[in-house]
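For the protein sequence lines, the chains are A and B, in the order given.
Quick note: the first sequence uses our numbering, first residue 1, plus one each step.
Quick note: the second sequence uses our numbering, first residue 1001, plus one each step.
Don't read these hints as lab results, they were simulated from the structure.
These numbers were taken from a predicted model, which means no experiment stands behind them.
Built from N, CA and C at the ideal position, the CB exists for glycine as well.
Hints may contain errors.
[Said to hold, decoys possible] In silico BS3-like links for lysine-lysine, alpha-carbon gap of 25 Å or less:
hint: 1; chain 1: A; residue 1: Lys62; chain 2: A; residue 2: Lys83
hint: 2; chain 1: B; residue 1: Lys1113; chain 2: B; residue 2: Lys1037
hint: 3; chain 1: A; residue 1: Lys15; chain 2: A; residue 2: Lys78
hint: 4; chain 1: A; residue 1: Lys44; chain 2: B; residue 2: Lys1071
hint: 5; chain 1: A; residue 1: Lys44; chain 2: B; residue 2: Lys1113
hint: 6; chain 1: B; residue 1: Lys1037; chain 2: B; residue 2: Lys1005
hint: 7; chain 1: A; residue 1: Lys44; chain 2: A; residue 2: Lys62
hint: 8; chain 1: B; residue 1: Lys1068; chain 2: A; residue 2: Lys44
hint: 9; chain 1: A; residue 1: Lys44; chain 2: B; residue 2: Lys1037
hint: 10; chain 1: A; residue 1: Lys44; chain 2: A; residue 2: Lys11
[To be verified] Derived CB-CB ranges, DEER-like:
hint: 11; chain 1: A; residue 1: Gly53; chain 2: B; residue 2: Asn1027; range: 17 to 27 Å
hint: 12; chain 1: B; residue 1: Thr1045; chain 2: A; residue 2: Glu85; range: 26 to 36 Å
hint: 13; chain 1: A; residue 1: Ala2; chain 2: B; residue 2: Tyr1039; range: 36 to 46 Å
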Amino acid sequence: EAGVAQSPRYKIIEKRQSVAFWCNPISGHATLYWYQQILGQGPKLLIQFQNNGVVDDSQLPKDRFSAERLKGVDSTLKIQPAKLEDSAVYLCASSLGASGTYEQYFGPGTRLTVT
Amino acid sequence: DQQVKQNSPSLSVQEGRISILNCDYTNSMFDYFLWYKKYPAEGPTFLISISSIKDKNEDGRFTVFLNKSAKHLSLHIVPSQPGDSAVYFCAATSLRTAGNMLTFGGGTRLMVKP
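Same shape as in the complex, but just chain B (with noise of 0.2 Å):
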């Protein structure tokens, strides 16, 4: 049973546009989210995070939008750059249990083309 959902394997934009990621979850615990970001041989590395109290949160050119009655999250990238090109995780958490321990979802890989 997958509690996070990433349902686009992969996303394909050029560089200038805007590129949209969507996630999906099915527990209504989850009350904190945080995108990761991969690029090959590496460990994936922290991007944004959302408090379920938001509904948007915004630093630089990354905005993750999170609409609580959908269980649907999204994160903006504009404008989309090159060097953004990476396997984009999302992951949730419930700050209520012990550990804040994360479900990730399968991850969605972005090719962003010069």
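Next comes chain A alone, as it looks inside the complex (with noise of 0.2 Å):
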């Protein structure tokens, strides 16, 4: 079973600039994850959707940060402004999203550096 894909896996930008992040789920993953983990800290839950739908963005920074997931499957984070505070490394996870299925599988990971 293929895992979780991400791209790209570096990325290197200056403040002001944009950049999106790819992500695509294990083939029949409903849920979809976004996490931001900056150096040193756990994972913080960026936006989550099941299917093509947002289950909670209560974390995402709206003025500057998007996502979406296009027909369910696919997903992409964009950061539109960038600040410095966004190096971090973004990660996608996505789980069955079925009852009484909490394990989330992860990504690599693309790691953002913002100068």
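Using the hints, put the two standalone chains together into the complex.
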């Protein structure tokens, strides 16, 4: 079974530029998550999708971050404009989303450096 | 306000000995707990979980203990192996709320010396 795919793996941009990350979840997984992991901290949930609808985006800085999940499969996370404090690893995860299944499967992440 | 805390940023253990990683939580709504393991340049991988209706769950060398009254859980690895060297994250969720969103602790870096 293929795992969660993410691209790019690394990205370096200057502040005020824009950037986009892509995620392809495990086939058949209804729920998709985007996390931000700052160095030395645990992952922090940014947004959760169930199929192509948003379940929770309360911690997404909506003035600069946006995310979409077209057709309930792939997802993109965009930052525009980027700030220095956005430097982090952005992790995508997916889960079956069915009752009784709580395990999330993570992709390798995209390491973003904002200079 | 950190609802899930891992107070030890790092832990060093000799190969063959027991590793004990600790996690504390403050939110009484949390009723399901998970441990993830993370190697450098990889995403976290699920290790073991426990429901609040249990106080222990075991899977091979890994055992998780839950003390609900103390709002504390621990992961025991016996015997520890060099391949266990990684960052371990504790995570918690409430099955009573929609979405089962995970709240993670800050992680503990485990180093197992040969």
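Hint check results:
1. Lys62/A to Lys83/A: holds (14 Å)
2. Lys1113/B to Lys1037/B: holds (18 Å)
3. Lys15/A to Lys78/A: Answer holds: Lys15/A to Lys78/A is near 14 Å, not above 25 Å.
4. Lys44/A to Lys1071/B: holds (21 Å)
5. Lys44/A to Lys1113/B: violated (31 Å)
6. Lys1037/B to Lys1005/B: Holds, because 16 Å separates the two Cα atoms, which is no more than 25 Å.
7. Lys44/A to Lys62/A: holds (15 Å)
8. Lys1068/B to Lys44/A: At roughly 24 Å apart (the allowed maximum being 25 Å), Lys44/A and Lys1068/B satisfy the hint.
9. Lys44/A to Lys1037/B: Status holds; Cα separation ~16 Å.
10. Lys44/A to Lys11/A: holds (20 Å)
11. Gly53/A to Asn1027/B: 17 to 27 Å: At roughly 26 Å between Cβ atoms, Asn1027/B and Gly53/A fall inside 17 to 27 Å, so the hint holds.
12. Thr1045/B to Glu85/A: 26 to 36 Å: At 28 Å between Cβs, range holds.
13. Ala2/A to Tyr1039/B: 36 to 46 Å: Cβ of Ala2/A to Cβ of Tyr1039/B: about 19 Å, so the range 36 to 46 Å is violated.
Violation of the numbered hints given earlier is confined to hints 5 and 13; the remaining hints are satisfied by the structure.
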